[in-house]
Structures are given as C-alpha cells and as structure tokens.
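Engineer: This is what each chain is made of:
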Amino acid sequence: MNAINKNIKKTKSNLLDKIRGKYPDIIVKIDPYHIDYINSYAEDSLFFQKLQEGKLMGSKCENCSYTFATPRGYCTECGAPTEWLELPLEGKIHTFTVCNFGGEEFLKECPYILILVEFKNINRAFLSRLTTDKKKNLENELLKMNQREASKLMIGRTVKAQFKKNCENKITDVYFVLK
Amino acid sequence: MKNVYMISGGVTKFQKAHPNKSFRKMVKEAFDYICKDLDMEPKQLINCIDGSVASYFSDHFAKQLMAGIMIQDFLGLCPKPSFRTEGGGATGGLCFQNAWKEIASGRMDICLAYGFETMSRVETWKGNEFIALASDTNFDFPVGGFYSGYYAMMVRRHMYEFGTTIEQMAKVSIKNHKNAMYNPYAQHPAELTIADVRNSEMVATPLTRLDICTMSDGAAACLLVNEKGLKKIEKICGKSIKAVKIIGIGSGTDTMRLSDRPRGKVILLPWEDEKTYKNLEYPGVHSFRAGRVAAKSAYEMAKIENPFSVNFVELHDAYTSSEIQTYEDMGLCQYGQGGNFVDEGYAFMPNIDYKLIFPNKNDRGLIPVNPSGGLLACGHPVGATGLMQAVFAFWQLQHSINKHFGNDTLQVRNAKKGAIHSHAGTGTYVTVTIMEAC
Numbered sequence: 197m198n199a200i201n202k203n204i205k206k207t208k209s210n211l212l213d214k215i216r217g218k219y220p221d222i223i224v225k226i227d228p229y230h231i232d233y234i235n236s237y238a239e240d241s242l243f244f245q246k247l248q249e250g251k252l253m254g255s256k257c258e259n260c261s262y263t264f265a266t267p268r269g270y271c272t273e274c275g276a277p278t279e280w281l282e283l284p285l286e287g288k289i290h291t292f293t294v295c296n297f298g299g300e301e302f303l304k305e306c307p308y309i310l311i312l313v314e315f316k317n318i319n320r321a322f323l324s325r326l327t328t329d330k331k332k333n334l335e336n337e338l339l340k341m342n343q344r345e346a347s348k349l350m351i352g353r354t355v356k357a358q359f360k361k362n363c364e365n366k367i368t369d370v371y372f373v374l375k
Numbered sequence: 015m016k017n018v019y020m021i022s023g024g025v026t027k028f029q030k031a032h033p034n035k036s037f038r039k040m041v042k043e044a045f046d047y048i049c050k051d052l053d054m055e056p057k058q059l060i061n062c063i064d065g066s067v068a069s070y071f072s073d074h075f076a077k078q079l080m081a082g083i084m085i086q087d088f089l090g091l092c093p094k095p096s097f098r099t100e101g102g103g104a105t106g107g108l109c110f111q112n113a114w115k116e117i118a119s120g121r122m123d124i125c126l127a128y129g130f131e132t133m134s135r136v137e138t139w140k141g142n143e144f145i146a147l148a149s150d151t152n153f154d155f156p157v158g159g160f161y162s163g164y165y166a167m168m169v170r171r172h173m174y175e176f177g178t179t180i181e182q183m184a185k186v187s188i189k190n191h192k193n194a195m196y197n198p199y200a201q202h203p204a205e206l207t208i209a210d211v212r213n214s215e216m217v218a219t220p221l222t223r224l225d226i227c228t229m230s231d232g233a234a235a236c237l238l239v240n241e242k243g244l245k246k247i248e249k250i251c252g253k254s255i256k257a258v259k260i261i262g263i264g265s266g267t268d269t270m271r272l273s274d275r276p277r278g279k280v281i282l283l284p285w286e287d288e289k290t291y292k293n294l295e296y297p298g299v300h301s302f303r304a305g306r307v308a309a310k311s312a313y314e315m316a317k318i319e320n321p322f323s324v325n326f327v328e329l330h331d332a333y334t335s336s337e338i339q340t341y342e343d344m345g346l347c348q349y350g351q352g353g354n355f356v357d358e359g360y361a362f363m364p365n366i367d368y369k370l371i372f373p374n375k376n377d378r379g380l381i382p383v384n385p386s387g388g389l390l391a392c393g394h395p396v397g398a399t400g401l402m403q404a405v406f407a408f409w410q411l412q413h414s415i416n417k418h419f420g421n422d423t424l425q426v427r428n429a430k431k432g433a434i435h436s437h438a439g440t441g442t443y444v445t446v447t448i449m450e451a452c
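Just so you know, the sequences run in chain order S and Y. Residue numbers for the first sequence, in the numbering used here: 197 to 375. Residue numbers for the second sequence, in the numbering used here: 15 to 452.
Worth flagging that the hints you see were computed from the coordinates, not collected in a lab. Computed from a predicted structure; not experimentally measured. A portion of the hints provided could be inaccurate.
Among the chain Y residues that face chain S by a calculated CB cut under 8 Å, a handful are [unchecked claim]:
no.: 1; residue: G120
no.: 2; residue: E143
no.: 3; residue: V157
no.: 4; residue: R170
no.: 5; residue: A209
no.: 6; residue: P220
no.: 7; residue: S273
no.: 8; residue: E319
no.: 9; residue: F372
25 Å max Cα-Cα, derived BS3-like pairs, lysine-lysine [what the hints assert, rightly or not]:
no.: 10; chain 1: S; residue 1: K214; chain 2: Y; residue 2: K39
no.: 11; chain 1: S; residue 1: K246; chain 2: S; residue 2: K214
no.: 12; chain 1: S; residue 1: K256; chain 2: Y; residue 2: K279
no.: 13; chain 1: S; residue 1: K214; chain 2: Y; residue 2: K292
no.: 14; chain 1: Y; residue 1: K35; chain 2: S; residue 2: K218
no.: 15; chain 1: Y; residue 1: K292; chain 2: S; residue 2: K348
no.: 16; chain 1: S; residue 1: K225; chain 2: Y; residue 2: K35
no.: 17; chain 1: S; residue 1: K331; chain 2: S; residue 2: K304
no.: 18; chain 1: S; residue 1: K225; chain 2: Y; residue 2: K77
no.: 19; chain 1: Y; residue 1: K30; chain 2: S; residue 2: K225
no.: 20; chain 1: Y; residue 1: K140; chain 2: S; residue 2: K218
no.: 21; chain 1: S; residue 1: K246; chain 2: S; residue 2: K348
no.: 22; chain 1: S; residue 1: K214; chain 2: Y; residue 2: K140
no.: 23; chain 1: S; residue 1: K316; chain 2: Y; residue 2: K279
no.: 24; chain 1: Y; residue 1: K140; chain 2: S; residue 2: K304
no.: 25; chain 1: Y; residue 1: K279; chain 2: S; residue 2: K288
no.: 26; chain 1: S; residue 1: K246; chain 2: S; residue 2: K331
no.: 27; chain 1: Y; residue 1: K292; chain 2: S; residue 2: K316
no.: 28; chain 1: Y; residue 1: K292; chain 2: S; residue 2: K225
no.: 29; chain 1: Y; residue 1: K39; chain 2: S; residue 2: K218
no.: 30; chain 1: Y; residue 1: K30; chain 2: S; residue 2: K218
no.: 31; chain 1: S; residue 1: K366; chain 2: Y; residue 2: K140
no.: 32; chain 1: S; residue 1: K225; chain 2: Y; residue 2: K27
no.: 33; chain 1: S; residue 1: K218; chain 2: Y; residue 2: K77
no.: 34; chain 1: S; residue 1: K214; chain 2: Y; residue 2: K279
Ideal Cβ positions, reconstructed from N, Cα and C, are used throughout, including at glycine.
Generate the whole structure from the sequences, applying the supplied hints.
Structural biologist: In structure tokens, the structure reads:
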C-alpha cells in the first residue's frame, strides 16, 4: 500500500466525526443511496461489441472524411453522419498522468496511469489506461521522477491496445501497454 | 438592449462544511448581506425584485432535486419568476450572465442571482466521483474518471509544448494563498513556499494537493438592475449607490471529451498575429478554446482593445495550471508565455511580500489576477463560485474592499475595469464578464 492510500484510510469518515465533534447540537446522519441504471450504449453499441473481437472502432465522416478515435454518430466538423472505421491497434502517447488519488470507485487502483492515445492519420484522440508490468512499478517511478524527465520518457511512446478476456461491455475492456 | 448594473453582492464565508446551515440558510445570509449593504429591510428588497436566477451544479451534492425553488421559497420570493442555471464549474458565471440577460432584455428591472453548493455532504473521494460524472460516463468516467487527472494531462501537454514548469505553477499557489491572508471570506489562507507546494501530496502528476482547489460549502448572491431599477432602489434606501456597469459578456464551449479536442488554428485576438502561432496545433488539450472565445466576445462587446485596460482579473483557478492556461486564453500574454507571465510577477499584487524574487520590480502588479485568493484559497462551492468572483470584483470596482474585508490590502488601487472568468470541467463551458466602475 502506498503512502496516499494509507492516508485515505486514516481519514476515512473523518469528515463525519469532525462535523459531529464541532457541532454537537446539530443532528448529522448517514443516508445511503444506490442506483442500478439501465444504461444503453445506443448508437455506440457496435464499438463495445467489437471490443470482444479485439477490434477498436472509430468514426469517419461520410462527407468530409474527418476521423474520430472515440466513436460518434455525426461529424463535429460538418454535421454529416459518420461511418465506422477500424482503428490501428498501435498509437502514441499524446499526454499522460499518474493518478495517485481519485474518485471512490478507483481509489483501490491508485496509482494508475491515464493516457490520451493519438493514432496515425486519425484526427481525434482516445482516452485509456496504460497498464504496466507490476514488477517494474512504472507508476511509482513516474511519481518520484522529475516531471520534465517523466514527460520525455512517456510522450510519443508507442503503445499497443490489449483487450480483456472476459469483456464486461465497458470502455475498460480495452487498455494499452507500452510496446 | 438595456444597460445593466450590479449594485450589491453578498458572500458567506466558504468553509469545508457548514453543517449548522442548510443551503437555503446560506443563500439567505448572502441575501441579507445585500439588504444590509443597501440599508434596506428584507421585505423592502423582496418587494422590489422582479425575479431571480439560481446557480448550483450538482443535484448529487445537494441530495435534492429542484433545490432552486426551495431557496426562492425560503427567501420569500415566490411567486416571482425564477429558473436554474447549470453548467459545471461555470454555473455561477453562466447564472450571472443569465441575470444580465433578464435585465438587458427589458424583462426585469431588478434581478437577483444566487448560488450555492454543499460539497461537505460526502467525503472528498465521493465528491471526486460526483464531479467526474461530469465527464462522459460511457467513454471517460469508467477509465478512472478523475478531474484532477484530466487537468494533469492537459498541463502535462502545456509543459511539453511550451516549457511551463512546476515551479511556475507553485508560484500561482503561493500568490493566491497569500492574497487570501487578507480576505476574511477565504477558506484556506496560507503562506507557502515552492517547496511546500511541491512537497504536498501528489494527486495526479504533476499536480499536488496545493495545486488544486478544495471542496467547500458556501453561497453568494448578486443584485443586478437597469437604470429604472437603480432609481427605484435608491429612492427606497434614500442614498445614492455606487453602481458598477456590466460592459461585456462572452461565453464559449468545447467538447466534453478531452480526446475529442481538435488540433487546428489559434482563434486570434485583435492584437495577435497568425505568424506567432504558425507551428501551434490548437487548442489540443493544452489550451481552453472556450476561454478564448468567451474572452474574445466579451472584449469585443466591452470595446477592449488592450487587455491591460482591464485593471484586474478574478479567474477560475481550480488548478494552478488552469490559471496559467487562462492568462493565455484571455490574451494577457501569448499562448505559451503563461509561465513567464508568472515569473515576471505581472499577476501578483504590487504591495504584498510573497517572498519571491521578481526580475523587474516595476512590472509587478501590472494586472493582479485573483487578488481575492481565487478558488485555490477561497474555496470552490461550485454554484457559488462564479457569483463570489462577481461580488469580489464588484467590491474592487466600488473601491469598498476595506469596508467588506476589514482591511484594504487587496484593494487594486487603479481598479476601474475588471474581468471575471468562470470555467467548467476541462474548459467545456467558459464565461468572461467585464465590469466597469461608473
């Protein structure tokens, strides 16, 4: 467990305790709230289907040929419909960060690397996770490293798409690794 | 189109949690501050107001849908017209502009803009999750959705393109936290060093805890009028009011997904030259196109031909990096020069000792940015934030900082025109509003 995770554990429910300590006359209670959404991917469904076949599908404008690595039904440049376009499985890191903190759902995964991937001849990029060899612990290395050195090391690096064996119909069914 | 003026404003103290006050009570406090400021009884002001616009970002944080009507009800403003404005972090700025529209269109003579956020209702990591739900929930959020991560990727690219440094970002944190030492409304006044900022916990490389604003509870309110409304209120309160005129509004948008940001040509301000940017792919993820569009249209409307004819800026510094990026969007310097702009000290108050060395003493304070302490040090109760900026800018232009802060350290001496800038997640919605002392 890294330092920040320890910290988070230490401060867990601290806010409630603090509030109760500071305002003894005020009633503060915990209200749970949970939702199971029936979430439809609608016109983007094919993208998620194809992840199971190890394919990455973007969009190409039928009118102006503008290309999008994240699929969308219509072109932002001219408003015309797009067609599906199979993307290459290799791209380059446009930018990245190591998240050492996050939303509740991802706390247990910290630190993790987010990247924007740019593909050759594709106008728009793709957001994904960079998964690394756990033994090498690149995440911690990047956290400690001089930030300019970290950029030099990572930006422009070739990355390769990988697909989960048991797809969950989620964007995380695809992730990237360093080539 | 009618001339629009701001004639009063109120802010609650922003803090981590206000469990002893409901969101209604917080807005009521800001409203009562306006009554006091104008020497009016609440009933007198309620009778004058034609309608209102409510500003709050998240139903999740409020654990309440239609919180706006509960405020309207609590203030005693029913059955007057009202509606809610929502646009992420820019909610307050958009609300202010919506209130402006109510007056400018001639629909109302007197309009109240109010806003709040109660972010202490959940722990910070749950709050981060709520905020991240304001990114594409199919393509972005599940990847590890975290706004600080998105901004970290953006500034990483800014550093790569332009050589911006973490030390320059730390100096923004030093400036805003130090300014807040003189602002009694601020949540996090502090005296910091570059080492303090860099040694605070790493959140998402290269951004540390002190590069990032915190979550807050708070409320703010602004009163906007036309000339008829101004006369009406002056008659009731029996004194002349130092009004501030709103001379320009602008707003812009950009794609929800960072990955969808295009790489084209820079949108030029009138004083810029295309040749300067011949090799720059714009906006990419290093710049906020919506901020540029908002600034450009606000400047045009306010007939601003030189950004330094504006004497100060209160801008949306949710991150130290976004303050630097916003200098460029607003044309305070060229794209790529934001880091140098910090080093030169242009955005620092001329009269405060930041324990930093600036190359040229005379250039310091050319255009103070976030004299109040900004979001970094005042806090960021989202729906209140853009209105808080309007209130602080209003007090600057009234030259009444001393009255409201209890000291005049942060009073910008030559404040005649000021700009406020409100910004939603990764620059999806941005507003710029220019105000002028009458």
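Engineer: Would you mind marking each hint as holding or not holding in the structure?
Structural biologist: Hint check:
Against a cut-off of 8 Å between C-beta atoms, the interface hint on Y:G120 is violated, since the closest Cβ of chain S lies about 34 Å away. The interface hint given for Y:E143 holds, since its Cβ lies 3 Å from the closest Cβ of chain S, which is under the 8 Å cut-off. Interface hint status for Y:V157: upheld, as the beta-carbon distance to the closest one in chain S is roughly 6 Å, under 8 Å. Checking Y:R170 against chain S: minimum C-beta separation of about 5 Å stays under 8 Å; hint holds.
The interface hint given for Y:A209 is broken, as the beta carbon of that residue sits about 15 Å from the closest beta carbon of chain S, more than 8 Å. With a least beta-carbon distance of about 4 Å to chain S, the hint placing Y:P220 at the interface is held under the 8 Å criterion. With a least beta-carbon distance of about 4 Å to chain S, the hint placing Y:S273 at the interface is held under the 8 Å criterion. Evaluation of the Y:E319 hint against chain S yields a violated restraint, the C-beta minimum of about 32 Å exceeding 8 Å.
With a cut of 8 Å, the hint placing Y:F372 at the interface with chain S is violated, because the nearest CB-to-CB distance is about 23 Å. For the suggested pair S:K214 and Y:K39, the alpha carbons sit about 21 Å apart, so the restraint of at most 25 Å is met. Under the criterion of a C-alpha separation no larger than 25 Å, the hint pairing S:K246 with S:K214 is inconsistent with the structure, at around 49 Å. At roughly 21 Å between alpha-carbon atoms, S:K256 and Y:K279 fall within 25 Å of each other, so this suggested pair holds.
About 54 Å separates the Cα atoms of S:K214 and Y:K292, which puts this hinted pair outside 25 Å; it is violated. Distance check on the hinted pair: Y:K35 and S:K218 sit about 13 Å apart at the alpha-carbon level, within 25 Å; holds. The suggested pairing of Y:K292 with S:K348 holds, with an alpha-carbon distance near 23 Å, which does not exceed 25 Å. Between S:K225 and Y:K35 the CA atoms are separated by roughly 15 Å; this keeps the pair inside 25 Å, and the hint holds.
A C-alpha spacing of about 18 Å is found between S:K331 and S:K304, which places the hinted pair at or below 25 Å, so the restraint holds. A threshold of 25 Å between alpha carbons decides the hint, and for S:K225 with Y:K77 the separation of about 13 Å falls inside it, so the pair holds. Between the alpha carbons of Y:K30 and S:K225 the distance comes to roughly 17 Å, so the proposed pair stays at or under 25 Å and holds. For the proposed pair Y:K140 and S:K218, the alpha carbon gap of about 22 Å is at most 25 Å, so the pair holds.
Our distance criterion of 25 Å between C-alpha atoms is broken by S:K246 and S:K348, whose separation comes to about 34 Å. A hinted pair counts as satisfied when its Cα atoms are at most 25 Å apart, and S:K214 with Y:K140 qualifies at roughly 17 Å. Taking the CA atoms of S:K316 and Y:K279, the gap is near 20 Å; set against the 25 Å cutoff, the hint holds. Annotation: proposed proximity of Y:K140 to S:K304 holds, straight-line Cα distance about 13 Å (limit 25 Å).
Taking the CA atoms of Y:K279 and S:K288, the gap is about 22 Å. The hint holds against a cut of 25 Å. Only pairs whose Cα atoms come within 25 Å are accepted, and S:K246 paired with S:K331 is rejected, the gap being roughly 31 Å. Of the supplied pair hints, the one linking Y:K292 and S:K316 holds, its CA atoms being roughly 22 Å apart against a limit of 25 Å. Proposed proximity of Y:K292 and S:K225 is contradicted: the alpha carbons are some 58 Å apart, above 25 Å.
Distance check on the hinted pair: Y:K39 and S:K218 sit about 19 Å apart at the alpha-carbon level, within 25 Å; holds. For the suggested pair Y:K30 and S:K218, the alpha carbons sit about 12 Å apart, so the restraint of at most 25 Å is met. Proximity of S:K366 to Y:K140 is assessed by CA-CA distance (about 21 Å); at most 25 Å being required, the pair is judged to hold. Note on S:K225 and Y:K27: the hinted pairing holds, with a Cα-Cα distance of about 24 Å set against a maximum of 25 Å.
Between S:K218 and Y:K77 the alpha-carbon distance is near 22 Å, which keeps this suggested pair within the 25 Å criterion. Using a Cα cut-off of 25 Å, the hinted pair S:K214 and Y:K279 is violated, with the two alpha carbons roughly 51 Å apart.
Hint check: violations occur at hints 1, 5, 8, 9, 11, 13, 21, 26, 28, 34; the rest are consistent with the structure.
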